[in-house]
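The listed protein sequences derive, respectively, from chains A and B. Residues in the first sequence are numbered from 1 upward in steps of one, following the working numbering. Residues in the second sequence are numbered from 1 upward in steps of one, following the working numbering.
No wet-lab data here; the hints were simulated from the structure. Be aware that a few hints might be false.
Partial list, computed: chain A residues near chain B (C-beta under 7 Å) [said to hold, decoys possible]: (1) I48; (2) S237; (3) I272.
Just so you know, even glycine gets a beta-carbon here, dropped at the ideal spot from N, CA and C.
Residue strings, one per chain:
2 protein chains.
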Amino acid sequence: MKAVSNAVDSERLWDDLMALAGFGAREDGGVCRHALSSEDIAARSWLIGKARERDYSIAADDAANLFITRAGRDNALPPVLAGSHMDSQPAGGKFDGAYGVLAAFEALRALDDAGIETARPVTCVAWTNEEGGRFHVPCTGSRAFVSGAVSDPAQTDDAGISLESALRSTLDAAPDIERIAPGFPVHAYVEPHIEQGPVLEREELPIGVVTGIQGVRWFTVRVEGEPGHAGTVPQASRKDAFQAAMRAIAALNTLMADTDDIVRFTVGHLSIEPNSPNTIPAAVRFSIDFRHPDAAVLDERGGKVADIIAEAVQPCTADTQLTTSLEPVAFPDPVTSAISQAADGAGLAHKPLASGAFHDAAHIASACPSGMIFIPCRGGLSHHPDEWAEPEACTAGARVLAGALAQLAETN
Amino acid sequence: MKAVSNAVDSERLWDDLMALAGFGAREDGGVCRHALSSEDIAARSWLIGKARERDYSIAADDAANLFITRAGRDNALPPVLAGSHMDSQPAGGKFDGAYGVLAAFEALRALDDAGIETARPVTCVAWTNEEGGRFHVPCTGSRAFVSGAVSDPAQTDDAGISLESALRSTLDAAPDIERIAPGFPVHAYVEPHIEQGPVLEREELPIGVVTGIQGVRWFTVRVEGEPGHAGTVPQASRKDAFQAAMRAIAALNTLMADTDDIVRFTVGHLSIEPNSPNTIPAAVRFSIDFRHPDAAVLDERGGKVADIIAEAVQPCTADTQLTTSLEPVAFPDPVTSAISQAADGAGLAHKPLASGAFHDAAHIASACPSGMIFIPCRGGLSHHPDEWAEPEACTAGARVLAGALAQLAETN
Numbered sequence: 001m002k003a004v005s006n007a008v009d010s011e012r013l014w015d016d017l018m019a020l021a022g023f024g025a026r027e028d029g030g031v032c033r034h035a036l037s038s039e040d041i042a043a044r045s046w047l048i049g050k051a052r053e054r055d056y057s058i059a060a061d062d063a064a065n066l067f068i069t070r071a072g073r074d075n076a077l078p079p080v081l082a083g084s085h086m087d088s089q090p091a092g093g094k095f096d097g098a099y100g101v102l103a104a105f106e107a108l109r110a111l112d113d114a115g116i117e118t119a120r121p122v123t124c125v126a127w128t129n130e131e132g133g134r135f136h137v138p139c140t141g142s143r144a145f146v147s148g149a150v151s152d153p154a155q156t157d158d159a160g161i162s163l164e165s166a167l168r169s170t171l172d173a174a175p176d177i178e179r180i181a182p183g184f185p186v187h188a189y190v191e192p193h194i195e196q197g198p199v200l201e202r203e204e205l206p207i208g209v210v211t212g213i214q215g216v217r218w219f220t221v222r223v224e225g226e227p228g229h230a231g232t233v234p235q236a237s238r239k240d241a242f243q244a245a246m247r248a249i250a251a252l253n254t255l256m257a258d259t260d261d262i263v264r265f266t267v268g269h270l271s272i273e274p275n276s277p278n279t280i281p282a283a284v285r286f287s288i289d290f291r292h293p294d295a296a297v298l299d300e301r302g303g304k305v306a307d308i309i310a311e312a313v314q315p316c317t318a319d320t321q322l323t324t325s326l327e328p329v330a331f332p333d334p335v336t337s338a339i340s341q342a343a344d345g346a347g348l349a350h351k352p353l354a355s356g357a358f359h360d361a362a363h364i365a366s367a368c369p370s371g372m373i374f375i376p377c378r379g380g381l382s383h384h385p386d387e388w389a390e391p392e393a394c395t396a397g398a399r400v401l402a403g404a405l406a407q408l409a410e411t412n
Numbered sequence: 001m002k003a004v005s006n007a008v009d010s011e012r013l014w015d016d017l018m019a020l021a022g023f024g025a026r027e028d029g030g031v032c033r034h035a036l037s038s039e040d041i042a043a044r045s046w047l048i049g050k051a052r053e054r055d056y057s058i059a060a061d062d063a064a065n066l067f068i069t070r071a072g073r074d075n076a077l078p079p080v081l082a083g084s085h086m087d088s089q090p091a092g093g094k095f096d097g098a099y100g101v102l103a104a105f106e107a108l109r110a111l112d113d114a115g116i117e118t119a120r121p122v123t124c125v126a127w128t129n130e131e132g133g134r135f136h137v138p139c140t141g142s143r144a145f146v147s148g149a150v151s152d153p154a155q156t157d158d159a160g161i162s163l164e165s166a167l168r169s170t171l172d173a174a175p176d177i178e179r180i181a182p183g184f185p186v187h188a189y190v191e192p193h194i195e196q197g198p199v200l201e202r203e204e205l206p207i208g209v210v211t212g213i214q215g216v217r218w219f220t221v222r223v224e225g226e227p228g229h230a231g232t233v234p235q236a237s238r239k240d241a242f243q244a245a246m247r248a249i250a251a252l253n254t255l256m257a258d259t260d261d262i263v264r265f266t267v268g269h270l271s272i273e274p275n276s277p278n279t280i281p282a283a284v285r286f287s288i289d290f291r292h293p294d295a296a297v298l299d300e301r302g303g304k305v306a307d308i309i310a311e312a313v314q315p316c317t318a319d320t321q322l323t324t325s326l327e328p329v330a331f332p333d334p335v336t337s338a339i340s341q342a343a344d345g346a347g348l349a350h351k352p353l354a355s356g357a358f359h360d361a362a363h364i365a366s367a368c369p370s371g372m373i374f375i376p377c378r379g380g381l382s383h384h385p386d387e388w389a390e391p392e393a394c395t396a397g398a399r400v401l402a403g404a405l406a407q408l409a410e411t412n
């Protein structure tokens, strides 16, 4: 494990990260690489070209998930899988997703360079459309891998191009790689990723061993009041929808209070109608983003949201809709301990950390033991052109990944 | 006074209101009649035509204020003036402004029909651009009447047409009426208007004797926080600009609390950046509309606004700007008592009422003793296509106006 960690080539990995960031580069330093776009197709072609420089097998499935496999001693055994996604947010950065794919690819080369043979094959994967920026249902690839089929292939992007057609174009652009059906047995899956949060940077830790991905409840709320002239209607006669929304959000702040600071509660979107300085707000729409690693907490507090709002907005009225509900995922010990041991082996400090954001690993976790490695990113910033991870941080994560993969590829 | 009140012709007044609402009629029943637009010019021409059916003199000044004068016994005496404005909000109603002009015109005809001679001339006025919907600085006409000149004639509408040019077009469309300089001595001014608030309707009173127009302080506030991922950033590390704005507005609610319910405090506009459900708000802008009839209260509470916000938004920061400051206007006894007596004479119940909204009378009050008559409007609704005043309410206000004008036109 130590040998393969030491074989990770910092400069090679960094050069790859910067090269990949060139596909869909924005003038502000960020990246816009929508799934299955010409930029994504070019990026895939570039990675396939690099895989061909080594003795790796290359395949794609119906969801255009790309698999680059380093053979094991027994290629009938289910492989160990590692990677992430190559698509970005429209105003995204150089690291979200891209880092996981390239760290996995670097781990394959480190195994080569360290002269290590593994029992199982080791596969680098790039999942299709994790972000959902172009085709709005995210995680197209990892969901298809688990379910065996691409969901809703008729959905279209803003230009009216269907997902099915965009997948065909992408697959047709690489006609000479093996074509496989979605889903195959996997021994374990590891996804390296920037943290997208401030904890590792703040605590000056190079590695987060991800314990799981928290669950989420998304709500949209519409509060109905009555418009009126700001100068004339007495306060006691008002049905001010914004003041009602404030009362509702204050009550939700109380509901969501958590001395352990594990609850995540955010009102990120709010709009007033008519939104005129001298008109009493007639209606307000706002969003609720509520996350927690414990399904019982999600159910218990989430179940109270609508009633608390209805009570607080009186004499206005409110309509509260649960729009998204995702259950928490816990990563199992064989994977988390392989990551911890690899970090120890590489002399890198680490701590357990729950993931606040979604990842492909949340889906793959239902198919095989899965886990994630977090590395610090500057200011916790992500989904932003200024997203940044230091070269040493990128190297550290790849070293831990390579060690963990080497171990997992030997286990039964 | 009773004779002239009784001479008010309900049907004639209502027919005029509906005819005027035809100029700029909207499909939803409302009115869009921007100042100095072709619709406004056509409406003026219609009113001039009706004035010519009687023996009235007609004049316009540089601000295109339109004056229709019924002669008195001594035309060297300053006239008694009554009216309002003919321009509307873009999605306005049939009564705001229009009612005041047509009630004044009806009062002139009622004086005729009752065979009453007055010592002073009585003049119906239509002030230009009270609403500020097209040229954004409101009360162009009444301000010019007081100051003697049109302010900022070079200002342009959204199509790039200057106020100066729009005034010229409007004046040129009525070449055969007398052209006068802005401002002349006036004995008293009375402006009838829909209440634009719910008090008279709720209390089932036909007449409000307006005691004055409250003052106003307008502020805009920008709160700066830090964006972040809603799933990853711990609550304790957040600088959530929306939560900070909520704390500020809650503190302002406390500052503005008033058991007498005279303070008017409204946050009507609020916008979040980036306004995405899963991003912690980076910045918030909101408006404050604070009104009160007492300048001391405006100064005292208004003076605390910025400090209270700065304190409440911590650890975020805030920039609070006072954008508009208008002092309260008190209407003097000679006018308010003439209105009360006219209402008594007509057998109409009345109560004193402060105006929450601005009116041309706020400006004219600095040139001569002024006052206003309010009539109830449905649900207090105004600046809306559904704005509505019942025919009987319109008649009642015109009867009181006619009586008050008859009295004021006899006094020294």
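Run through the hints listed earlier and report the numbers of any the structure violates, in increasing order. Hint 1 is the one this structure does not satisfy, whereas the remaining hints hold.
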